[in-house]
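Engineer: Throughout the sequence shown, residue numbering follows this note's numbering, covering 2 to 173 in sequence.
Heads up, some of the hints might be wrong.
In silico PhoX-like pairs for lysine-lysine, Cα to Cα no more than 25 Å straight-line [unchecked claim]:
1) Lys116 <-> Lys150
2) Lys55 <-> Lys141
3) Lys135 <-> Lys116
4) Lys116 <-> Lys76
5) Lys135 <-> Lys66
6) Lys55 <-> Lys76
7) Lys76 <-> Lys88
8) Lys55 <-> Lys66
9) Lys16 <-> Lys76
10) Lys76 <-> Lys66
Restraint ranges, calculated between C-beta atoms of paired labels, are given here [unchecked claim]:
11) Thr104 <-> Gly29: 44 to 52 Å
12) Glu4 <-> Thr24: 14 to 22 Å
13) Pro145 <-> Pro41: 18 to 26 Å
14) Met126 <-> Pro100: 14 to 22 Å
15) Ser36 <-> His114: 18 to 26 Å
16) His114 <-> Glu83: 21 to 29 Å
17) Arg153 <-> His43: 41 to 49 Å
18) Pro145 <-> Ile72: 25 to 33 Å
19) Ala58 <-> Thr122: 47 to 55 Å
Rather than coming from a laboratory, the hints here were simulated on the basis of the structure.
Just so you know, these numbers come straight off a predicted model, no measurement behind them.
Even for Gly, the Cβ is constructed at its ideal location relative to N, Cα and C.
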Amino acid sequence: MEEQSYVLTMLVANKPGVTSRVTGLFSGRGYNMESICGAPTHDPGISRITIKTKATADQYIDIQKQINRLIDVIKLRDMTNEDRAVKREMALISIELTPENRTELIQIVEIFHAKIVNAGTDSYMVEVTGTEDKIDAMVKLLRPLGMRKLTRSGVLALYRELDDSHRYDVIA
Numbered sequence: 002m003e004e005q006s007y008v009l010t011m012l013v014a015n016k017p018g019v020t021s022r023v024t025g026l027f028s029g030r031g032y033n034m035e036s037i038c039g040a041p042t043h044d045p046g047i048s049r050i051t052i053k054t055k056a057t058a059d060q061y062i063d064i065q066k067q068i069n070r071l072i073d074v075i076k077l078r079d080m081t082n083e084d085r086a087v088k089r090e091m092a093l094i095s096i097e098l099t100p101e102n103r104t105e106l107i108q109i110v111e112i113f114h115a116k117i118v119n120a121g122t123d124s125y126m127v128e129v130t131g132t133e134d135k136i137d138a139m140v141k142l143l144r145p146l147g148m149r150k151l152t153r154s155g156v157l158a159l160y161r162e163l164d165d166s167h168r169y170d171v172i173a
């Protein structure tokens with residue numbers, strides 16, 4: 002069976018050890034997490050963990066079953082091919098600044114609606130938010146300019162909470 006990428010999000014009790022049990026479930030079965038993001042929600046007693054993983058279909062079914070068995074997991078959702086979900090990622094990218102690449106760097110930042118969040122004498126730090134494809138495309142263009150550092154948040158996902166009479170789609 003062929004592996005594919007999956008995105009799942011879960012609401013969990015916001016208490017010590019919960020994230021460790023979720024990650025232990027993956028490592029104990031030899032499954033890899035491409036990214037994991039976790040933080041409290043609007044309710045301080047609940048956290049949301051979003052995981053991107055590569056697995057076969059059978060492995061993914063097993064992952065879901067095992068996560069649902071964890072006592073502190075309140076709700077688990079598959080966001081992989083969900084059209085109703087908004088999925089975003091954030092990256093911070095440090096780029097070497099030279100007189101030759103300055104103009105091109107600023108143009109790329111503008112095209113991707115990114116921000117220069119730190120300007121040093123020999124480097125700029127850029128922040129970009131968007132889909133995984135958008136981040137990949139920007140990284141591909143910035144790499145030849147002299148990428149020094151890169152960090153990515155991993156995917157975050159939420160269902161849209163809009164009814165049909167008040168549907169707003171914002172392009173980001």
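Engineer: Next step is simple, just say for each hint if it's right about the structure.
Structural biologist: Results of checking the hints against the structure:
The suggested pairing of Lys116 with Lys150 holds, with an alpha-carbon distance near 16 Å, which does not exceed 25 Å. Restraint check: the Cα-Cα separation between Lys55 and Lys141 comes to about 22 Å, which is no more than 25 Å; the hinted pair holds. In summary, the hint linking Lys135 to Lys116 is supported, as the alpha carbons are separated by about 14 Å, within the 25 Å threshold. About 35 Å separates the Cα atoms of Lys116 and Lys76, which puts this hinted pair outside 25 Å; it is violated.
The hinted pair formed by Lys135 and Lys66 fails the criterion: a straight-line CA distance of about 32 Å is larger than 25 Å. Distance check on the hinted pair: Lys55 and Lys76 sit about 21 Å apart at the alpha-carbon level, within 25 Å; holds. At roughly 18 Å between alpha-carbon atoms, Lys76 and Lys88 fall within 25 Å of each other, so this suggested pair holds. This hinted pair checks out: Lys55 and Lys66 have alpha carbons roughly 16 Å apart, not beyond 25 Å.
Straight-line distance between C-alpha atoms of Lys16 and Lys76 comes to about 16 Å, which keeps the hinted pair within the 25 Å bound. A threshold of 25 Å between alpha carbons decides the hint, and for Lys76 with Lys66 the separation of about 12 Å falls inside it, so the pair holds. As the Cβ distance of Thr104 to Gly29 is approximately 51 Å, the hint placing it in 44 to 52 Å holds. Under the hint 14 to 22 Å, the C-beta atoms of Glu4 and Thr24, about 19 Å apart, fit the expected range.
The supplied range of 18 to 26 Å is broken by Pro145 and Pro41, whose beta-carbon atoms lie about 39 Å from each other. Between Met126 and Pro100 the C-beta distance comes to about 19 Å, which sits within the given range of 14 to 22 Å. As the Cβ distance of Ser36 to His114 is approximately 22 Å, the hint placing it in 18 to 26 Å holds. Between His114 and Glu83 the beta carbons are some 24 Å apart, a value that agrees with the proposed interval 21 to 29 Å.
The given range of 41 to 49 Å is broken by Arg153 and His43, whose C-beta atoms sit roughly 24 Å from each other. Hint check: Pro145 to Ile72, Cβ distance near 49 Å, so the stated range 25 to 33 Å is violated. The hinted range of 47 to 55 Å is satisfied by Ala58 and Thr122, whose Cβ atoms lie roughly 51 Å apart.
Going through the hint list in order, the structure does not satisfy hints 4, 5, 13, 17, 18.
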